[in-house]
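Trainee: In case you want the letters, here they are:
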Amino acid sequence: MKTRRIVLDALFTAVALTLFLVELQIPNPVPVAGIKLGLANLVTVVAMVLLSPLDALAILAVRILLGSLFSGNMMALLYSAAGGALCYVVMLLLRGVVTARQIWALSAVGGIAHNVGQMAAAIAVTRTPALIVYLPVLLIGGTVAGLFTGLAAQFLIARLRPLLPRFLPTQTTNRGEKKNHEESETS
Amino acid sequence: MKTRSWILIFAVLLAVCSVLTAILFARRPSGTVANIYRDGVCVYSVDLSAVEEPFEFTLTDERGSNTVRVERGRIRVTDADCPDRVCVSAGWVGENGSAPVVCLPHRLVIRVEKSAKADGGIDAVAR
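These protein sequence lines map, in sequence, to chains A and B.
Okay, so the first sequence: first residue is 1 according to the working numbering, each after it adds one.
Okay, so the second sequence: first residue is 1 according to the working numbering, each after it adds one.
Any given hint might turn out to be false.
Partner residues aside, some chain B positions facing chain A, computed with beta carbon under 8 Å [claimed, not checked]:
1. Met1
2. Trp6
3. Val12
4. Leu13
5. Leu14
6. Asn35
7. Tyr37
8. Tyr44
9. Ser45
10. Ser49
11. Val51
What the hints contain is simulated information worked out from the structure, not anything from laboratory work.
Just so we're clear, the structure is a prediction, and the values are computed from it rather than from any experiment.
The beta carbon of each residue, even a glycine, is placed where N, CA and C say it ideally should be.
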C-alpha cells in the first residue's frame with residue numbers, strides 16, 4: 001500500500017506543479033506583487049481533506065521547492081515557504097471544524113494565512129515594517145482567490161471521494177472524520 | 001460552524017480591508033514622474049502631475065551642465081553645454097510614452113515613468 005500512496009502523492013505533486021507553472025504564464029491582472037490566484041493551493045486543500053495532513057505536507061513541500069527551482073525565482077522560495085507553512089498550519093487546525101460543504105471557507109482562511117506569512121517573510125527579509133500597508137490589499141486578494149480555489153477544490157473533492165477506494169483500496173480512512181465531512185449543513 | 005457565520009466573517013474582513021486600502025492608498029500620486037538618471041543612478045525625481053508653476057534647474061557635474069525645464073505633465077532639456085546638444089533637440093517628453101531624453105556626453109537620462117525612483121521607496125524589493 002505504501003507504493004500506491006507514494007504514487008498518488010507524486011501524482012498530486014505533479015498536478016500542483018503543473019498548475020503552479022501554468023499560472024505563472026498568465027499575466028497578472030493586479031499590479032501588486034504577491035497577489036495571484038494560487039491555483040496550486042487547490043491541490044493542497046484536496047490532499048488535506050481527501051488524503052491526510054502528512055500527504056498534504058509532503059506535496060506542499062515538494063511543490064514549493066521544485067516550483068521555485070523551475071521558475072528560477074529563488075527569492076520567491078522564501079516567501080512561498082513562509083506563506084505555505086502558515087497556510088498549512090491554519091488549514092490543519094481548521095480541518096476538523098469545516099464540513100464538506102464549507103471547504104471554500106477552509107481554503108479562504110488558508111489564502112489569508114498565506115498572505116500573512118508572505119508579508120511576515122517580506123518584512124523580515126527587507127527589514128521594512130512599512131510594507132505592512134500592503135497587507136489589506138493582499139488580504140482582499142488572498143480571500144477572493146482562496147474562495148475561488150476553495151470552491152473548485154470542494155467540487156473536485158465531491159467528485160474524487162467516490163473514486164478514492166480504487167486508488168487506495170485498503171486505506172482505512174478515519175470513519176468518524178469521514179462522517180463529519182459528509183454531514184449535511186442545514187442552515 | 002454554520003455556513004452563514006463563515007460568510008459573515010469573510011464579508012466583514014473584506015469590508016474592513018477595502019476601507020483600509022482606500023484610506024492607505026487614497027492620496028498616492030498616481031501620475032507621471034520624471035526620473036533623472038546620471039550614470040544609471042536616479043539622482044532626481046519630480047512628479048509631473050503635481051507641478052503647479054513651471055520651473056527650471058541646472059544639473060552640473062565635472063562633465064558639464066544641463067538645464068532642465070519642468071512644466072505640468074512634461075519635461076525637457078532647454079540648454080546644455082555638450083557639443084551635439086541632442087538632448088535639447090529631443091524636445092518635450094510627457095506621459096504619452098515618449099522616448100527618454102538622453103545626453104550621452106554627460107551620461108544623463110531623463111525618463112518619464114510611473115513612480116519615483118530617487119528615494120528607493122517601498123517598491124524596491126517588492127519582488
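Trainee: Please go over all the hints and tell whether each is borne out by the structure.
Mentor: Going down the list of hints, with the structure as the test:
Evaluation of the Met1(B) hint against chain A yields a held restraint, the C-beta minimum of about 6 Å falling below 8 Å. For the restraint placing Trp6(B) at the interface with chain A, the shortest Cβ-Cβ distance is roughly 4 Å, inside the 8 Å limit, so the hint holds. Because the smallest distance between the Cβ of Val12(B) and any Cβ of chain A comes to about 11 Å, over 8 Å, the interface hint for this residue is violated. Residue-level restraint check for Leu13(B) holds (minimum Cβ-Cβ distance to chain A is 6 Å; threshold 8 Å).
Checking Leu14(B) against chain A by beta carbon gives a least distance of about 6 Å; that is within 8 Å, so the hint holds. Interface restraint check for Asn35(B): the shortest CB-CB distance to chain A comes to about 18 Å, outside 8 Å, so the restraint is violated. A cut of 8 Å between beta carbons decides the hint on Tyr37(B): the least distance to chain A is about 23 Å, and the hint is violated. Interface hint status for Tyr44(B): violated, as the beta-carbon distance to the closest one in chain A is roughly 23 Å, over 8 Å.
The beta carbon of Ser45(B) comes no nearer than 18 Å to any beta carbon in chain A, farther than 8 Å, and the hint placing it at the interface is violated. Here the hint on Ser49(B) is broken, as its CB sits about 18 Å from the closest CB of chain A, past 8 Å. Look at Val51(B): its Cβ only gets to about 25 Å from chain A, farther than 8 Å, so that hint breaks.
Hint violations for this structure: numbers 3, 6, 7, 8, 9, 10 and 11, all remaining hints satisfied.
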